[in-house]
Every structure is written in C-alpha cells, then in structure tokens.
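Peer 1: Line by line, the protein sequences give chains A and B. Take 1 as the starting number for the first sequence in the UniProt record's numbering and just add one per residue. Take 1 as the starting number for the second sequence in the UniProt record's numbering and just add one per residue.
In short, the hints are calculated from the structure, not lab data. This list has only true hints and no planted wrong ones.
Residues on chain A that point at chain B, a partial pick, calculated with CB under 8 Å:
1) 53
2) 156
3) 157
4) 238
5) 240
6) 333
7) 404
8) 425
9) 434
10) 546
11) 549
12) 605
13) 611
Ideal placement from N, C-alpha and C gives every residue a C-beta, glycine not left out.
Protein chains: 2
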Amino acid sequence: MVNDDTSTGPSGYVQPRIDVPALTALLDGEYAEIRDLVRTNLAAHASVLDEADELGVDAFRERVREVVVEMAATGQTGMGFPPEYGGGGDVGASIAAFETLAFGDLSVLVKVGVQFGLFGGAILQLGTERHHDAYLPDLVTGKLMGCFAMTETGHGSNVQALGTVATYDPRSQEFVVTTHGEQARKDYIGNAARHGEVAVVFAQLEVGGRSEGVHALVVPVRVGGEPAPGVRIEDDGRKMGLNGVDNGRIHFDGVRVPREALLNRFADVTPEGVYASPIAHPNRRFFTMLGTLVQGRVSVGGAGVNAAKVALTIATRYADRRRQFEAASGAQEQLLLDYGLHQRRLLPLIARTYALHFAQDVVRGQLHEVFSGPGTDDQARRRLESRAAGTKALGTWHATRTIQECREACGGAGYLSVNRFAALKSDSDIFTTFEGDNHVLLQLVAKGLLTDYASDFEDLDQLGMVRHVAGLAVETVLEKTSAHKLLERVRDLLPGGDEWDQEAGLLDSDYQLAMVRHREEHMLAGAARRLKRGVDQKRDPGTVFSQVQDHVIAVARAHVERLVLEAFVEKVRGLPEGGEKVALGLLCDLFALSTIEADRAWFMEHGRLTVQRSKAISREVNDLCRKIRPLAVDLVDAWGVPPEMLRAPDLAG
Amino acid sequence: MVNDDTSTGPSGYVQPRIDVPALTALLDGEYAEIRDLVRTNLAAHASVLDEADELGVDAFRERVREVVVEMAATGQTGMGFPPEYGGGGDVGASIAAFETLAFGDLSVLVKVGVQFGLFGGAILQLGTERHHDAYLPDLVTGKLMGCFAMTETGHGSNVQALGTVATYDPRSQEFVVTTHGEQARKDYIGNAARHGEVAVVFAQLEVGGRSEGVHALVVPVRVGGEPAPGVRIEDDGRKMGLNGVDNGRIHFDGVRVPREALLNRFADVTPEGVYASPIAHPNRRFFTMLGTLVQGRVSVGGAGVNAAKVALTIATRYADRRRQFEAASGAQEQLLLDYGLHQRRLLPLIARTYALHFAQDVVRGQLHEVFSGPGTDDQARRRLESRAAGTKALGTWHATRTIQECREACGGAGYLSVNRFAALKSDSDIFTTFEGDNHVLLQLVAKGLLTDYASDFEDLDQLGMVRHVAGLAVETVLEKTSAHKLLERVRDLLPGGDEWDQEAGLLDSDYQLAMVRHREEHMLAGAARRLKRGVDQKRDPGTVFSQVQDHVIAVARAHVERLVLEAFVEKVRGLPEGGEKVALGLLCDLFALSTIEADRAWFMEHGRLTVQRSKAISREVNDLCRKIRPLAVDLVDAWGVPPEMLRAPDLAG
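In isolation and in its complexed conformation, chain A is listed as follows (with noise of 0.2 Å):
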C-alpha cells in the first residue's frame, strides 16, 4: 500500500511516501480498537447493504432491528452507558463507534442513535437512579426498544413551544398527558411506527395550574405489541431513505403515568404537587436539560464526516481507473483523475473530509471531557454546545454535497442501486435537518458569539431575552459593542504588522489562520453594528433580525471554519516527521486555501486580500491539486471504510 512514486519535481519537490496503515492509526487514534470492532461487525452484517434494496418496508425494519441487537451484544453500541447496567462507560468511545458505524447502512446507523444516543441518552442524563435501574439494564442490551418523542408535526426547532401537555394530577398523583390538536402530535420519531415499546416525551409540564415548561416523562406506548390505551401510532410511512427505521406519529390521549415517569434530574414534583427544581430560571433549566442531549449532534456530524469518506474512497478510485478521452490523437484515453477539473472537484473534498475529522477529534474530546469529569462547569458546556451545533451543521451539509459531487463524478454508474450512492444520498440527506437543522444550529452559534462578544451573558439570560434562538436577543444583546476593541483584536490577529497578511506565504499556516480569525472578528464585528443600528433606530426586532440573518449565519459559518482550520493545522504541527505530516501537511494547505479561495470575494470587499494575491491563491489551490494527485487513494485508503462497504467493484475495483 506504499506509494512508491517517490520523485523530485522540477521546483524540488519531493512527493511524500504514504504508509497506509500507519496513516489508518493515526487517523483513528485513541478509539482504533473500538473502531476496529465496528468495522468487524460491518463486514460481518454486510448483506443488510443488499437488504435495504431487496426487501420491503416491513421486513427491512425487523432485519434492520436484529443487527442492532446483534452489534449491540458485541458491547459496540452500549460504550456511553455505565459500567454497572452493561455498557462501557467511555463516553468518547461510544461517538467514535458511532461514527465508524456510518461507513455500513444508514438505517442501522439511526437506529442505533434512536435507541442508545436518543433514547438511551435521555433515560440517561435527565432520569435519576430509579429510570436508570428500571430501563437501561434492557435498553442497552437492546431488548427494550423505546423513542425519542420531541418533536411534533408543528414544531421541529421551536422546542419550547411543544404543544402536548402533561398535567400533574396529585389525586391520583399521576400525571396525565395530552396531544392537543393535529400539530401537536408528536412526528417523524425514530422506533415508533413499530419497535417502541416506551417513549421519552417532551411535554409542557403543569403542575397545580401553573405551567412550568417543557420536561420529559417515560411514557409507555405499547403493550404486548399493541399501543397502549389512550395512545395512537401512524405509521410515517416510507421515507426518501432510512426505510429501515420505522417512524411514526404518536398522539397522546389523557394518557396517565405515575409521578415517577417524570425523569428528574433537573426538576420533580413532590406527591403534593409541589414543582421544584435546584434550578431556578425556567430557561436555564430547559437549556441545562437540552445541554445534557448535546451527544446527539456530535455524532450525526462525525456519522455525516464519515459517510462522505464511503463516496470519497469509491469515487476517488474510479477516477484512478476510469480512462476518458484521448489527451492526443491516437494516444491512451487518460485518467479521470489527470484531469485538473476532475482533481478539483474532489481533491478539496477529500482536504475538507480530513479538517472535519480532526475537528470532529477536537468536539468528541470535549464532550468526553465534560462529560466524564464532575461536569460542573457551565462555560466548557456551552463551548462544547456550540461547537457540536456548528460541526454538526458543516459536517453534515459536507456530507450531501460530497455525496452528490461523488455521484456525478461516477457517471451513469454512479446512479444503479448496486452501488453506495443511491442509499448515501438519499439515508443521508435528513442529516442537515435532524438533531437541530442546520442553519438554526448555526443561529445558536451566532448567538453565542454575539453574547460573548457582550460579555453579557447572564444578563441577557435573566432578562429572558435568550430563549428563542432565531430571536437572537436584538434589542439588548449589543449595547457593549465596540469598534475600538475590534480593531484591537483584528491588529493581535496579523502577527506580522498590519501589512503582514499581504506578504506572508500562502502556505505559511499563521497566515491562513489569521485570515480565517480576521475574516471571523470582522463579521462578527458588522453583524453586531448592523443589530445595533436597527435596535436604535426602534425597528421591530423581528424585522431587524431578518434583514441581518444572512449575516449572522455567515459569522457563524466562518467561526466553525475558523475552529476546523485551528484543529487541522494543530495536529499537524504536532506530527513527527515524515511522509504522512508532509502529506497532511498539503492537505491542510488545500483546505485552508480553498476555503479563503471560496469566499475570497469577502476577502477582497473587507481589504485583506489583493486582486493579486486572490489570483495566486487560485493557482496555489491548483498546484496542491496537482501535488496531492498522486497521494489520493491512499489518502481514501487510508480511512479504512471496510471494501464490503463500498458494494461497487465496477466503480472501485
């Protein structure tokens, strides 16, 4: 698996020699074993690939059902739950399966994340000894399937706004939870048009008439195979992909639990009817309990990472096999991948797929972090929040972009069924939307930063102005805002002087890194001036807010690239040296380069980037193409999606 091409260039450059399986190590660092488990049982359920195509709705969800329990008795799927109720208890393990799992079939992916992420996290995190010791003993195993019951028909990011209620009954001391209305029901949950046995559902609590927001009841919703009285299921029927999760709308009809149902961990209800909680502020608590879910979406932005890895292995080695037209008459048809437009159109992808990687190490690490240690500490919380929100959204819109730009590199081929595209398209394409959709996730980036950058946080929280996450807090959250400061930090960012960023290396990684992090400061910088003005200027905030969200989405965008960027180049430096940093090396330099390439527009509009200098970066961008050229299988190998996997000997021989 070595490339021997090993040659001095014309300009001196010697290409890298890549060792495959060291590259694979490094890449799956501390997690190698865990993940090499989650490839075993890969290749071992390899026929569930053809499966998803064979068989109908019904029989692929029961097919899809017996691999998850079976994976799950491997101990694959349970590493995020404690020891003592038979899981593994490394919270970090259990993201770095799960995003392994996302080289096979995406329905056993999403599956595994309804039982174990959503399910599983919920009895887990908001529940207290009792729900641990009643559910999770069955639920890891598998044998208790249960759903993640949120979001409903008429309210996907609106969460606080959930329309079922659950009314405390201190007579009978139960309390009793309704559906009020079409657009209440809850819809598109994972587990229960079938195999859902019990549901986590998020309700508006009222106790003694008074109503104290949303919270989360175990409710049971089917016994003996049958829903359970007061409960109606519709099926959601087939779906553009992940037919082998059965979800459902489930309506709630004066359904009665005990008070114990309530998981509470952050608030209980005592026999009398008493509502308390050891945190007082309504809309910290349901962040606090939101918080805890925040598992979720690292894992879809990882499982989005590694499904483009799947298009990128098989399309990367078709285009080193497929021969085209002729470069001259008479002459061998060429490569595929000699062609700069064909280097173009994926080697940037496969420069993007690693960064995201490595930034994906970077939040999986934090979220082990906070959530092994006393995790008491509310700012590493909200840093992992938004960093999870903000991966998670670029993660999985690589992903689609990938996945479609890998489909047309393939041709026709590309579009039979019996290879991976059809079911990476359409099983993946949820992903932007599901566990926060991704230009709100990026709202609740923005909003971060914009209240970090009013150092005003806890005010704005008391003044309640932070619940809505499109609402963005306009009218107070800006009256801090300083232009002075600005400039300071933009000038702290250009290492070299103020002229610097117009001398310095295109390859040089400081300066990449500071044209992301001024690119970052500057817009967050105007997005705030713009709130501002439309604050003072007593506009109506709903309308501020709108004329200014594309701006806000930008900042937010270009502070997660900014972290993506500051992850790769970290990891790099810190390689020993060899043919793998050299390699890794251009791959960052591709991803850094193309990145500012493609909003070099702003670039030149904000005066960090001469008319010049653009240009050059656009033939910089080229020249790494060509350079990494000879790198890429390996580069693809590398990931070690398992050859079962990829199910297109046609396209990857």
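Since chain A is already given, all that's left is putting chain B on it; use the hints.
Peer 2: Coordinates of chain B only, in the frame set by chain A:
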C-alpha cells in the same frame, strides 16, 4: 388569485399585482394547448405517483409502460413525428409537451424520452423512408418499444471510441454485430431490460476491412419477449430513481442483420460492400449524425427546469404557511418566508427558474426552426447544438440544486415519501449525467467558443483536431488569438464609455448585460491565451488542457449565463406594461444581480467591480428579495403545476 396587497412603500415603490392566469398564459406561450393536454393527462394518471412507492420494480415498470401508451393515444408524445406516421408534425410542440410532463412522475417522462425521443428520434433522423415505414407507425403508438443503444460500460462521453463492431459480410449482405469485451457491452439502456423489441445500436462500422467510424443500425433484440438469438440481456437492476424505466445491458454475439438495417441517411453500404457517404470527412459525418439527436438535450434541459418548478411550488407555499420562532416574546411565530435567510434561499432560485424558462423558449424555438426548415444552415445547427448543450447543463444542475434546497427548506416533512421531494430528488439526479455529462457538455460549448474565437473552424476540422471534445484541439485552436481584438470588443460592451460600468444603475439591464458579456469575453480570451502559451512552450497538450480545464468550464458557464440573461431581458422588454411586466422585471433584476453577486470575486479580480459596488449589489439582492416576497406564491402558482402533482397536502396546503 390576484394579489390584493398593493401598497406604496415609503420609497414610493408600488407593489405590482399579478394576474396569475395571465402570467400562466404568458409562460405557456404558443404551446398552451399541448401543455394543457399534458396537464390533463398528468392529473388523470396522478395515481402513478403513489404507485412509484407502492409497487415493486417489475409491476411499476409495467404500470409506467401502460401510462406511456395511454398518453401516446392522446397524441401528446408524438408531436415531433410526421403526420403521415401518426405524429403531430410540430417539433417545438413535442418539446413543450415533454417539458410539461416533467411536472409528473419522472419515470413516465424518461420512458417517453427513451421511446419517442431517443429511439424514435434516431429512426426518424438517421433513417430513411424504409425505416420510417417499417417502424414509425407502431413506434408512435407505443406498440413497438425500442432502445437507443449508444452508451457502453467503458464508454459514456467518448462515443467515438465505442467498442461494439458491425462488420459487413458481402456474401450474405448482412452486418455482423459483436460486443468486444465487457467494456463494450451496451449499458444503462432504457427499454432494454424488459420492453424493447428492437434497438438502434451504435457500432464501429467495418466494411471491406476498413473502419468507417460509428454508425447506427436497427437490431432486433427480442423475439416473442425472449432475447433474440445471439443477444444477451442483463437487467441494470434497481437504481437511485426512475425505477419505472427498465434499464439494462445488451451483449451482441455475432448477431446478423440485413444490410438495410443500417440507418442510411448519412452513409450507406452497397450490396457489394462499398461504403459511401455524402459527407466526406469522417468526423464531420459523425458529428452531423449526432447533431440530429440534439432534441434530447433540449428536452432534458427543459425537463430539469420544470422539475425544479415542482419543488419550488411546494417549498414556497410551505414557507408562506409554516411558522417557526416568535419574533419577540409572546408574539405570534413568524412565517418562514418572512425571514431574510429563507427569502435568500428560495427567491433567487425562483428568479433563476424564470430565467431558464425563457432561455428554454429560445433554444426550443431554434430547434423548431432548424428541424422544421430546409435544415441546411450549418451555422444555425452548430449554434443550436452549443446552446442546447449549455442550457441542458445549467437547467439540470439547477434542478439538482433547487430540489435539494427545497427539501431542506421543508425540514423533516420534506423527507417523507408522501411528499414529492424523495421522488423528485432521486429521479432527477441522473439528469446531470445522461444526454451528455454536464461537464463534458460545457467543454463542448467552450470548444465552439474557442474555435469561433479563432475564426478557424473549417481548418481545424480538416486537421482532424476537433474530434475529442476534451482534447479541445489545443495545438492549433489559438493561433489567431488577438489581444487587441479582445480589447476592442470589451470596449464595445460598455455603451457609456470605459468607466460607465462604475456609474450605471445596478437595476439598468444594459449594465447587467454588459457585465456578463464582459465576463464571458474576458474569460474566453484568458483561456485562449493560456492554452496558446502552453502550446507555444511545447508542453504536452493533455497536461496543458488539464491545467486550463476549470477555466475552460468557467468560460462556457459564463457564456450560457449570458445567453440566459439576454433571453430574460429581451422577454421582459417585449411585454406590455402591467403587473406581470413589473414582477418579471424584479425577477430579472434578481437573477442578473444574484448571478453577478455569485461571481463577484471574479469581477473584482478583473477590475469590473469595486468593493463598494460589490457590497451594493448584495444589498440590492436583499432588497429585491423583500420586494418579491409578497409575490412569491403567485409567481410559483403561475407555473401551473397541476395540484395533483404536488402530492404534499401537509406542506403546500
């Protein structure tokens, strides 16, 4: 349906009223009647949309055949054939009918395309009376189903390198058709797996030991429902979408067909085995034959635009009904379409859809003229071929991008198969590849521009240098490149003098046109210079081309966008005063400015946009979005997508 929100804003802007039926009539134009027939047929067969989900592959293929035959009986699908064979004798109407069919199930569309466009088109255009008499009557009714067997496993874009061989045997006066190796099997051929009885097979013609290049012959592939002797057929199996079309692979093992099977409009073989053609040069002959099939590209481009209309109709109506977050505490939640970001996501796509609609009118008109007249104007044919290639590429990419954006803009509901997105997305995905891979098509466009630029087409052709689209005839294409000529042309583009583009109003369509014309000219000259320099330096032509390839693609894209904008501007200018003209004017401005905005980096890099003006364009795009927002529902309703085709009651109301 008339919008009653006429109001005068603070700036004196009066919001136009749109008369929706009048706008529909304007869009349908001269083909209103056939379009309405298709709409009626689509509504009558609306159940096929459900059946696509409910039936297995085999049953759905039969169902689609049935629908196609029933539609054929209404005259809808035969408009392009001569009346004496049961056709409508109106090429333009046949394209309009096909475009409208794209509102419905796309398997039906593609089966119609295979049968009447590709198979029927080849018989009509490449055959002579004997073939017309033998095949057209039953072909037009759909009684005789046939294949268009061009693509091979190993050769998609490079048709001249096909591996199937048809050798003339003068003793028996037959051609012997043989597949040489797995790479030469015909692949992805519609109607092959199940319904085709005959195939138009493209093969290397060998006569008297001499290869005469690729020609087409009619070969029976099934007799009594079984593969004909010597013919082996495989099923391509399940695909990402279009599973109502029976694509398959065909191998020929010494299959004998009579001499008369050769479609002999452009070349023939005498009984004795003498090859003769009125077109002396093999390349010219080959491209003349292929050129007659241009209607396929015109059809697919228009179909892509109409598929995008379906997605936009659903997403726009949804965004006008769905509420998300409260704008301020306690206020009602805002409609999605009132958010600036959501406007930015959907409205430029609506504008571009209108632009591509009017550009499609132009290319359809050119097609009609070329194929209805005496048809000997080579220049008109080449212009048509280039334009068809370009609008096909832009129209189908637009479909892929728009359908994806609309799905994401409808959240989880957009993922359910009961809505149209799942089918639209998977069925239309291959549009970017079939009837010519989009990137290859843009290279074809660029080749035409570069050769026109050198004013030297004939010479090149004689040198045999234009055979390979991808090769682009690097060595000789650019000898006449003249930088001086370029500058004069650029100056001509700026009617108000050299500085005029810095002063003209952004909403002046002459300014917008000058910008996109300048971009095209400048890019073209630049690509030409880079190619010439590489050749002058005696570098390997393949390498030279590879390095300039992305530039070449950019030239083609700029060219086609210029044509699209010209079509839109001209259309709007020709309209009578009124609400529709005002509304289309806003859309035309939005299309022009969002197109310039998307490439503003290029304009800044090339001195045609100052930083201030670039920012002003972005502000203007936002402003146009706000003006168009109240018109959005009327604008999508005017496309006249039959309500039965939306299949999204929960989304579109």
